[in-house]
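Undergrad: Make a model of the complete structure from these sequences and hints.
Numbering (our numbering), first residue to last: 3 to 199.
Accuracy of the hints is not assured; some may be wrong.
[Stated by the list, open to error] Here are the simulated lysine to any residue pairs, SDA-like style, with alpha carbons at most 25 angstroms apart:
1) Lys15 <-> Thr99
2) Lys4 <-> Thr54
3) Lys4 <-> Gln68
4) Lys23 <-> Arg49
5) Lys4 <-> Ser117
6) Lys185 <-> Thr168
These are calculated hints, taken from the structure and not from any lab test. Owing to the predicted nature of the structure, the values given are computational and were not obtained by experimental measurement.
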Amino acid sequence: MKLLEERILSEGKAVSEEILKVDSFINHQVDPVLMQQIGETFAAHFRERGITKVVTIESSGIAPAQMTALALGVPLVIFKKQPSKVFGDNMDQTIVTSFTKGTSYELTLAKDFISQDDHVLIIDDFLANGEAATGCIRLLRLSHATVAGIGVLVEKSFQPGRQKLTGQGHEVYALARIKAMEKDHIEFLPADDETQS
Numbered sequence: 003m004k005l006l007e008e009r010i011l012s013e014g015k016a017v018s019e020e021i022l023k024v025d026s027f028i029n030h031q032v033d034p035v036l037m038q039q040i041g042e043t044f045a046a047h048f049r050e051r052g053i054t055k056v057v058t059i060e061s062s063g064i065a066p067a068q069m070t071a072l073a074l075g076v077p078l079v080i081f082k083k084q085p086s087k088v089f090g091d092n093m094d095q096t097i098v099t100s101f102t103k104g105t106s107y108e109l110t111l112a113k114d115f116i117s118q119d120d121h122v123l124i125i126d127d128f129l130a131n132g133e134a135a136t137g138c139i140r141l142l143r144l145s146h147a148t149v150a151g152i153g154v155l156v157e158k159s160f161q162p163g164r165q166k167l168t169g170q171g172h173e174v175y176a177l178a179r180i181k182a183m184e185k186d187h188i189e190f191l192p193a194d195d196e197t198q199s
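TA: Below, the structure is given as structure tokens:
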């Protein structure tokens, strides 16, 4: 998605070979017009997959996932990083390790919101090592739901996330694919929407 690549180049900041800051338009301050375009792009790609729910992990994935769910006309389910007392025992959990933060958390899903009848699209802001998406997949399997695909805004293609997920038989659709990155320099691969058009 050229628009997203342009925003990354103009407003993103490569802090190191592995860390990219996009907090002025994706995950701290959010550009709603960009999120709407991202949601429409994901919806157009996955529209024929029979999707019944969109899921994401709080909090950076919420804006693009909500716009995707809106464009598809389906509910958004947000996986929590902290267990809630409100859920009681009616929840599934799995441990996920965050690459960016270097910490682990208990990814939590209330059992009421995903069932074996659901075809689920996972949306996330970044794909690096694939740990967050793999955690989502584990929770969806506990509910016997079908994973219809994985949409990511920014893929760090030099890390193993895509290979891990496609190796499990899941489609990954990335709007911006970073080939290499170093302080103040970003190099892209063709995005999935460019290679498929």
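Undergrad: Each of the hints needs a verdict: does it hold here or not?
TA: Right, here's what the structure says about each hint:
1. For the hint pairing Lys15 with Thr99, the CA-to-CA distance comes to about 23 angstroms; that is within 25 angstroms, so the pair holds.
2. At most 25 angstroms may separate the alpha-carbon atoms for a hinted pair to count; Lys4 and Thr54 exceed this at roughly 28 angstroms.
3. Taken as a hint, the Lys4 and Gln68 pair is honoured in the structure, with Cα atoms around 21 angstroms apart against an allowance of 25 angstroms.
4. Restraint check: the Cα-Cα separation between Lys23 and Arg49 comes to about 30 angstroms, which exceeds 25 angstroms; the hinted pair is violated.
5. Under the criterion of a C-alpha separation no larger than 25 angstroms, the hint pairing Lys4 with Ser117 is inconsistent with the structure, at around 36 angstroms.
6. Annotation: proposed proximity of Lys185 to Thr168 is violated, straight-line Cα distance about 29 angstroms (limit 25 angstroms).
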